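Given next are the chains, with one letter for each unit.
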Amino acid sequence: MAKEYKRTDGRKPTELRKITAKVGVIPNADGSAMFAFGDTVAIAAVYGPRLLHPKHMEDPTKCVLRVNYDLLPFSVHDRKKPGPSRRSQEISKVTEWALAPVVDLKSFPNTVIDVQIYIIQADAGTRTAGINAASMALAHAGIPMKNLVSSVAVGKLDKTLVVDLTKEEEDFEEGEGATDCAIARIANTDELTLLQFDGKVQPEVVSELINLSDDACKEIYEAQKKALKEVLK
Amino acid sequence: MKKIKENEINEEITGEEVSSEEHSKRKPVVPGEVIASGEDYLPGDGAKREGNDIIATRFGLAEESGRVIKVIAITGAFIPRRGNVVLGRVTDITFHGWVVDIGSASEAFLPLEESPRFVSKLEMDQFLAIGDIVAAKIWGVKSKGIDLTLKGKGLGKLEEGFVFRINPNKVPRVIGKEGSMINLIKDNTSSNITVGQNGWIWIHADSIENEIKARNAIEFVAEKVHVEGLTEKMEKWFQEHK
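Here the protein sequences come in this chain order: A and B. Letter by letter, the first sequence follows residues 1 to 233 in this note's numbering. Letter by letter, the second sequence follows residues 1 to 242 in this note's numbering.
Treat the hints with caution; some may be incorrect.
Selected chain B positions facing chain A (Cβ under 7 Å, derived; list incomplete) [as the list claims (entries may be wrong)]:
(1) 28
(2) 57
(3) 59
(4) 75
(5) 77
(6) 105
(7) 143
(8) 222
(9) 224
(10) 227
(11) 229
Keep in mind that the hints were calculated from the coordinates and are not lab data. As the structure is a computational prediction, the values presented were derived from the model and not from experiment. Every residue gets a Cβ at the ideal spot worked out from N, C-alpha and C, and that includes glycine.
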């Protein structure tokens, strides 16, 4: 057995960072939410269903889900140049795919639901925080949904399996280095809507990693549910 | 067209889902949450049956009325329904009618034939010009748009006064049970108020002070949607804001 890696912030391998979730942070939007894993803070605003421009993008069979993810310039140490990048476009697209299976898009043909996700502080796991925030914001916007989506990053530091990696851990280079795997799952099910891998991993460890996300997602789901119900008080 | 019988509009609106004062049987739910289990229940709006369970399909307050369980939306955009009275602004005049912005996902169209009296195709802008505010009723919701009509009591162009918006989900509370809330506000500010289901509200009173007072009162109600016994609270509010 290889020696256990000790996490720099003193967390247990399966311990998440402190979760902060709040709904209704953007009064102008139809639905909005904030979700934070420790120092990673994401906000999401949902507008719609509303008229889609340009018109040629309209789909007469269903509503278009349009997700825009971006880092704000001050969210990282070196200023992030504003505007879309290859990375932000990719994350926007995978976030869209992660959310679309739960949203009832058939109810609103020829319209669009706009989801804007902004990372106001980044410390790894931004796409997962973004998905969590967007899922809450969609629910807050009163859009018919099958379920909520909960998302978490799991990974491997050399041989130790961990959840919710920080930026420092992602840059870990000893042994096999760090493996980072973003997972989104439909709450209370085994259906995954996002699975991305980065780093080295043995095939037999993959299912173990995915199982690890189960408990973490349950914890996140409870936080999302609690934050949503808070608005009704 | 000027003197509109607001009460009649509101009566029609209140026929829709109006929040009852009773809160005991309501509980907040999130999408995908199991509201109740068993064969005894039927899913209503915002709920569906999955196996033995009734599951919420949207975020809101779950309410049991008899066997039916429905989820009342409290946030989100306006979803047009047939029979809704809405306020809108004329954005375009076409050959066959008027295009009206009612703040929903698709455009609303008011055909020429649906005007209450004969309007010549050459003088359409004299009946309704671009920028005019109109109270209309939705008589059809299709995938490609919403159809409006002006045939009905209290519908037509709204002149003078002003229009402001509130969250459409708060409209039932602003109207109150059988229009109790809106009538209270009208009586205390001696104003004419028309509330559209899309959250657009038109106010016209004899003085600007009364108009502003009516607006403040409505915004006060919209802010306190979840408070019980709001009508009594409102009476007190009016005494304080004489």
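Comparing the hints with the structure gives:
Hint on residue 28 of chain B holds. Least Cβ distance to chain A is approximately 4 Å, under the 7 Å limit. Using the Cβ-Cβ criterion of 7 Å, the hint placing residue 57 of chain B at the interface with chain A is satisfied: the shortest such distance is roughly 5 Å. With 7 Å as the threshold, the beta carbon of residue 59 of chain B comes within range of chain A, its nearest partner Cβ sitting at about 4 Å, so the hint holds. Taken as an interface hint, residue 75 of chain B checks out: its beta carbon lies about 5 Å from the nearest beta carbon of chain A, inside 7 Å.
Because the closest C-beta pair between residue 77 of chain B and chain A is about 5 Å apart, less than 7 Å, the hint holds. Taking 7 Å as the C-beta contact cut-off toward chain A, the hint placing residue 105 of chain B at the interface holds, the least distance being around 4 Å. Using the Cβ-Cβ criterion of 7 Å, the hint placing residue 143 of chain B at the interface with chain A is satisfied: the shortest such distance is roughly 4 Å. With a least beta-carbon distance of about 12 Å to chain A, the hint placing residue 222 of chain B at the interface is violated under the 7 Å criterion.
Interface restraint check for residue 224 of chain B: the shortest CB-CB distance to chain A comes to about 13 Å, outside 7 Å, so the restraint is violated. At a threshold of 7 Å, the smallest CB-CB gap from residue 227 of chain B to chain A is about 11 Å, leaving the interface hint violated. Hint status for residue 229 of chain B relative to chain A: violated, with the closest Cβ pair at about 17 Å, above 7 Å.
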